[in-house]
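Residue numbers (this note's numbering), protein chains in the order written: chain A, 1 to 402; chain B, 1 to 277.
If you're looking for bench data, these hints aren't it; they were derived computationally from the structure. Please note that the accuracy of each hint is not assured.
[Claimed, not checked] Restraint-style ranges between C-beta atoms, simulated for each label pair: (1) A/Val180 to B/Ala77: 36 to 42 Å; (2) B/Glu182 to A/His395: 39 to 45 Å; (3) A/Arg110 to B/Trp94: 39 to 45 Å; (4) B/Tyr202 to A/Ala41: 30 to 36 Å; (5) B/Glu182 to A/Thr245: 53 to 59 Å.
[Stated by the list, open to error] Some chain A residues near chain B, calculated using beta-carbon distances under 8 Å: (6) Ile139; (7) Asn144; (8) Pro145; (9) Val146; (10) Thr165; (11) Pro283; (12) His285; (13) Pro289; (14) Pro290; (15) Gly291.
[As the list claims (entries may be wrong)] Here are the simulated DMTMM-like pairs of lysine to aspartate or glutamate, each with C-alpha atoms no more than 20 Å apart in a straight line: (16) A/Lys341 to A/Asp227; (17) B/Lys167 to B/Glu251; (18) B/Lys200 to A/Glu150; (19) B/Lys200 to A/Asp106; (20) B/Lys200 to A/Glu177; (21) B/Lys247 to B/Asp271; (22) A/Lys92 to A/Glu57; (23) B/Lys200 to A/Asp147; (24) A/Lys239 to A/Glu228.
C-beta atoms are modelled at their ideal positions from N, C-alpha and C, and glycine is treated no differently.
If you want the building blocks of each chain, they are given just below.
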Amino acid sequence: MVKHVYFFTEMGYTAYPQDEARRRGYNNLMFPNQHFSPERARELYAMYFDELLYCTETGFDGVMINEHHNNPLSMMPSVNVIGAVLARTTRKGRIVFLGNVLPIHDNPLRVAEEVAMIDILSGGRVICGFVRGLGQESIATNVNPVDNRERFDEAHNVIIKAWTTPGPFRWEGRYFEYRVVNPWMRPLQQPHPAIWIPGVVSPESVRWAAEHQYPYVALAPPLHVVDEIYDLYDDVAAKCGFTPTADHRGYVIRVSVADTDEEAYEQGRQFYWQLGTSFGITPLHWLQPPGYMSREAKGSRREAARRGSVTITPGGPLLSYEGMHETYQVISGNPETIIRKLQHIIDVCDPAHLVFWGREGLMSHEAAVHSIDLMTREVIPAIKAYQADREKGRHERLVPAG
Amino acid sequence: MKLVSAAIIALVREDDFTETFVDAAGLRVQLRRGGSGAPLLILHSELGVPGWLRAYAELARDFTVWVPSLPGFGGSARPDWILSVRDLAAWVTWFVRDVGLQEPLPVIGSSMGGWIAAEIATMNDRIFSKLVLVGAAGLQPDEGHAWDYFLHSSREAFEQAFSDPQKATEYSRFFVDGWTRENEIQAEQNREMAARLLWKPYLRSHTLPGLLAGVATPTLVVWGREDAIIPPSVCDRYVQLIPGATKSVLERCGHLPEMERPEEFVRTVRDFLTSRG
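Next comes chain A alone, as it looks inside the complex:
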């Protein structure tokens, strides 16, 4: 059963000239930052933070935040700064970090310190996700993508050890080396906040999450690959000797809800505000710098599905807005329709944690607030009361979507 529902927005920097992006053929990494206006950003931040606060006050169980660099997709180049602000501007609800981009840090203890600080500042409301980052983050921060996965692993290990083993101790790893590990700031939640692993396509990340018994959060993928992701998770969990429950499954879904289906459908187009895509346009060699994606991942069915039929990540082939509805990468409708569609998702993968990616693009503040109201008043209570019908879900998932 769905226990918690969170709200998410990429906090898009919507004020950049789309024509210029179209002319260049891409809109991130190298897209000139002269098109960024700090004044406009100030206004946008004010609006987004107001909306997030409103979510936590009116019925969401918290908000999700993330991190991207060199990219108008997101105004969150530091997830920890955003989290620190939320820690003091919100009074309740979880702050779900999805997440800190571990491989790009040369000093992962800084992440351990900052997350601990934010956990204390927020009164123990942090959920701590760790990610490898999009390929572009490796280039933007100039950390060798070939080492991405190993750096992720080691940064995670040193952070967890710093949180669970009394300091001082010494760390001599392959990528990180500390004479003294002894961060004075330790998390309020003991031994540390819950760790979640979000992801899109990579089977290694699913496997890694299962091996560590961390919940895996599927980031708005086509519904027909989600069951595959969780089948893999279950297989690995069985080998590791534990039985996953709904608590190990999270799901992020783009949701456009309005008073009528027609209105919601039109409003949902805002998810494709960036040159007609959700994440913008990226050449494949930025998205997948050398060594970033393993050969296994490149050859996986998920990747084939991604390349062949769906846009999950930047730079993938474009799927129409209509097509995205078919694959459940976006759902739209009046509250009743949305509830029905969410029930289908819940039947298929039965997540305990749902994240509504609930506003994007040039959607007005008023529309966003109205949409939040419909979610908190009608959708969330109905969804939390719904018992997943896995049999039905299993039957339905055999029908290929899209």
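Assemble the complex: chain A is given as a structure, and chain B must be docked to it using the hints.
Structure of chain B alone, referenced to chain A:
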């Protein structure tokens, strides 16, 4: 002591060269070899070896030309411990020893291969009799930057490496007409190894400038005037830093003179290699 004795595993004969796999210096190595006479070692660039180049065939009239695919490139194995150009340099010295090449022998190194050859020469003057550095990586340009492979695709890199790809027969032979899906996968694998070795500091060493003062091997530096990958100012730096080095700059030529100007390249190199010096 040899790590592994050189043993021929497979043999494919094609025209005037053979393509084999040998166990050498602890690894399975893809080796192209042709010609007769004294040995000449070729160390390829970060783009790998596309095949038996016309320039190799020409040089094979006077030398036995050895073109191994370096570890991680082409069909050669990739050991976990080769992480830098200097690691690769150490490996090349083992390779020369294990396949029984008579030392000292002349070497031609292209781009990254030139850097490897230079590194070896800074440590030992008894392995190479002569150095030919072609569009060699390893030094910071006085002005500007080396072109960034990792912000571009492999396809863009091939084009960038030629001053006029449309007119270069070796370009169309290997990168257009003969281009296959396998080549594309191989190019991505080569790129991965290049990233492992060259990502940061990018295509340069902070210590090589100091070390080059100790090179005691006769050196020719060859550059394409229109090299748009490593600026020709790096040519001058190599000439300044290696005692007694001379240079030859080829006109209407980019980063891969052995492919874009094979005749001039071979003439220049042959003159240098056959001269007394």
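Next pair to validate is A/Lys341 with A/Asp227; report whether the Cα-Cα distance is within 20 Å. holds, 16 Å
Okay, A/Arg110 versus B/Trp94 on CB: inside 39 to 45 Å? Between A/Arg110 and B/Trp94, where Cβ atoms are some 41 Å apart, the hint holds.
Verify the proposed pairing of A/Lys239 with A/Glu228, using a straight-line Cα cut of 20 Å. Holds. A/Lys239 to A/Glu228 sits at ~17 Å (cutoff 20 Å).
State, for the Cβ atoms of B/Tyr202 and A/Ala41, whether the hinted interval 30 to 36 Å holds or is violated. holds, 31 Å
Take the shortest C-beta to C-beta distance between A/Pro290 and chain B; is it under 8 Å? With a closest approach of 4 Å, the A/Pro290 hint holds.
Verify the interface restraint on A/Gly291: the C-beta must sit less than 8 Å from at least one C-beta of chain B. Hint holds; A/Gly291 Cβ to chain B Cβ min 5 Å, cut 8 Å.
20 Å Cα cutoff - pair B/Lys247, B/Asp271: Holds, at roughly 13 Å.
Restraint check for B/Lys200 with A/Asp147, where alpha carbons must lie at most 20 Å apart: Since the Cα atoms of B/Lys200 and A/Asp147 sit roughly 12 Å apart, the hinted pair holds (cutoff 20 Å).
Take a look at whether the Cβ-Cβ distance between B/Glu182 and A/Thr245 falls inside 53 to 59 Å. Given range 53 to 59 Å: violated, Cβ gap about 45 Å.
Would the hint on A/Asn144 be counted as holding, given a Cβ-Cβ threshold of 8 Å to chain B? holds, 4 Å
Satisfaction of hint between A/Glu150 and B/Lys200, Cα-Cα up to 20 Å: holds, 17 Å
Just to be careful: measuring from the Cβ of A/Ile139 to every Cβ in chain B, is the smallest value less than 8 Å? Hint holds; A/Ile139 Cβ to chain B Cβ min 7 Å, cut 8 Å.
Checked against the numbered hints above, the structure breaks hints 5 and 10 and satisfies the rest.
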